[in-house]
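These protein sequences, in sequence, are chains F and W. Be aware that the first sequence starts at 1, since it is given in the numbering used here, and climbs by one per residue. Be aware that the second sequence starts at 1, since it is given in the numbering used here, and climbs by one per residue.
Everything labelled a hint here was simulated from the structure, so no lab data went into it. Don't take each hint at face value.
In silico SDA-like pairs for lysine to any residue, Cα to Cα no more than 20 Å straight-line [unchecked claim]:
| no. | chain 1 | residue 1 | chain 2 | residue 2 |
| --- | --- | --- | --- | --- |
| 1 | F | 4 | W | 153 |
| 2 | F | 127 | F | 316 |
| 3 | F | 4 | F | 145 |
| 4 | F | 4 | W | 28 |
| 5 | F | 4 | W | 55 |
Simulated restraints on C-beta separations [claimed, not checked]:
| no. | chain 1 | residue 1 | chain 2 | residue 2 | range |
| --- | --- | --- | --- | --- | --- |
| 6 | W | 108 | F | 288 | 32 to 40 Å |
| 7 | F | 88 | W | 66 | 44 to 52 Å |
| 8 | W | 111 | F | 3 | 38 to 46 Å |
Beyond 10 Å from chain F on every Cβ pair, some chain W residues (computed) [to be verified]:
| no. | residue |
| --- | --- |
| 9 | 17 |
| 10 | 37 |
| 11 | 56 |
| 12 | 65 |
| 13 | 96 |
| 14 | 108 |
| 15 | 109 |
| 16 | 125 |
| 17 | 149 |
| 18 | 164 |
| 19 | 175 |
By construction, the Cβ of each residue, glycine as well, lies at the ideal position given by its N, Cα and C atoms.
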Amino acid sequence: MAEKVLMKGNEAIAEAAIRAGCRHYFGYPITPQTELAAYMAKRMPKIDGVFLQAESEVAAINMVYGVASTGKRVMTSSSSPGVSLKQEGISYIAGADLPALIVNVQCGGPGLGGIQPSQSDYYQATKGGGHGDYHLIVLTPASVQEMADLTSLAFDLADKYRMPSMLLADGTMGQMMEPVILPEEHVNVIDKPWAVTGTQMQRKHNIINSLYLVPEELERTNFERYERYAQIEKEEVRYESYMMDDAEYCLVAFGIAARVSKNAVVALRAKGIKAGLIRPITVWPFPKAPIAAAAKHVKAFVSVELSMGQMIDDIRLAQNCEKPVVLCNRAGGMIPDPAQIIAAVEALKGGND
Amino acid sequence: MTTQILFAGFGGQGILFAGKFLAYKGLMEEKQLSWLPSYGPEMRGGTANCSVIISDEPVGSPIVSEPDVLVAMNLPSLDKYEDAVVPGGMILVDSTLIERKVKRDDVKVFYIPATRLAGELGTPTLANMIITGKLIRECDAISYEHLEDALHKVVSARRANLFDANLNAINCGYQFA
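All chains should be modelled from the sequences, with the hints used to inform the complete structure.
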């Protein structure tokens, strides 16, 4: 078995990206993801890769667009305000059906906000962010190990479905250190006949574009893209279920909120309250089926979020509001502690008895 | 067993460094662990604290809100976290910088004049490692084993000349009665 090393989440993403064959990184510094860029700056020149600190986030995402057109694995990373700046480019990349990885190590907002952890870019990540009909595959790591593993997966899924993927982390995941077993080196073997790689006068030109002035044609690309999205919603949902078998109260949380929620589940169980946790690992596609299944036996859901309540909408929709969903949250860089979650569940129980 | 440790002090006191050292020690003892820093935008000054959890089981939340062990390296940290320590837990105080006594009577308290001792050793910046040495001595969950290996991980090769000074500081704290 590979050796366990101690790494910051941000560094684990960077190393995993390199091992996934990514040799092009474009970014612009921002806390709390700076270690990722710093790691790339140190490593890329030594492995014939490109690290480029762009003049802005807008420039960086358009550099990603360029490299993605050639079929090479490419990524950028930033934190909330910086990811807002990238939205136009992300929409273009989605519109041109290109694989790329965007990492968002979220901090509190809106506006310039703060530098402490947050999950308040959930809407932006899962409901569009940029203009037009499109989705990103959005993965939410809850450990340094997952920061590495989901980076590999994000590249693979992006290639497989020809679309941008996003790693939606937060400042805690980026800054914390945990033992991690790094993924093996793997090379991108998928064939990319669409890539702009030079024709060698042997084939027709490939054209990468997101402009379709004939509405019938633009409509067709949208419908085709949504067929792919439907397939993803069927095949690529990932989640973890914890103590759900006999649960009466279902916490739903991802990332750092899920880590805290797990502690709360253990503490609630010790008090004789049957709590469980569903942890979405993909938030798009959202794990609708396990939530709907849970609605058959739980009394209520608790959405634990580092935001004013964004994922809560998806929990309501996933089970057609069959059971009530309450919010247990902190915002602006604060993190709920287990006691707050326990109190939220006890309040529900009190109301039910 | 799970041990939750909170290091707290000013930025620049080596709070994160001391935590990282303990994290590496945990790694070498094949424990489950997490290390989580919390600090402001400043390089020096401001408050800095660091949550370290060392466990035989997978670590849940990496945030230490109810520490088993609190290392307080300045007064604001003691004021802020004293009440959060679990009953039967432990507080280590840098008594050079904190003049007041701990009010709790249900925790073990150790007063170490770490900043003064560090000055006497000729390494005034290593109060963090002196207090860590005392922590290793007093906390059952943390052994003396793998100490040098862990230290090699956190003292970069570029600064190898500081290895002995760090080891010296840890031993100074370890032997402090």
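Checked hints:
1. F/4 <-> W/153: The given pair, whose Cα atoms are some 13 Å apart, holds under the 20 Å limit.
2. F/127 <-> F/316: Within the cut-off at roughly 15 Å; holds.
3. F/4 <-> F/145: It holds: about 10 Å lies between the C-alpha atoms, which stays within 20 Å.
4. F/4 <-> W/28: holds (10 Å)
5. F/4 <-> W/55: With a Cα-Cα distance of about 16 Å, the restraint between residue 4 of chain F and residue 55 of chain W holds, given a limit of 20 Å.
6. W/108 <-> F/288: 32 to 40 Å: violated (51 Å)
7. F/88 <-> W/66: 44 to 52 Å: holds (45 Å)
8. W/111 <-> F/3: 38 to 46 Å: holds (40 Å)
9. 17: Per Cβ check, residue 17 of chain W is outside 10 Å of chain F; nearest 12 Å; holds.
10. 37: violated (6 Å)
11. 56: For residue 56 of chain W, whose nearest Cβ neighbour in chain F is about 14 Å away, the distance exceeds 10 Å, so it holds.
12. 65: violated (5 Å)
13. 96: For residue 96 of chain W, whose nearest Cβ neighbour in chain F is about 29 Å away, the distance exceeds 10 Å, so it holds.
14. 108: The assertion about residue 108 of chain W holds, with a minimum of 24 Å to chain F.
15. 109: holds (25 Å)
16. 125: holds (22 Å)
17. 149: holds (12 Å)
18. 164: holds (23 Å)
19. 175: Non-interface label on residue 175 of chain W holds, nearest chain F Cβ at 28 Å vs cutoff 10 Å.
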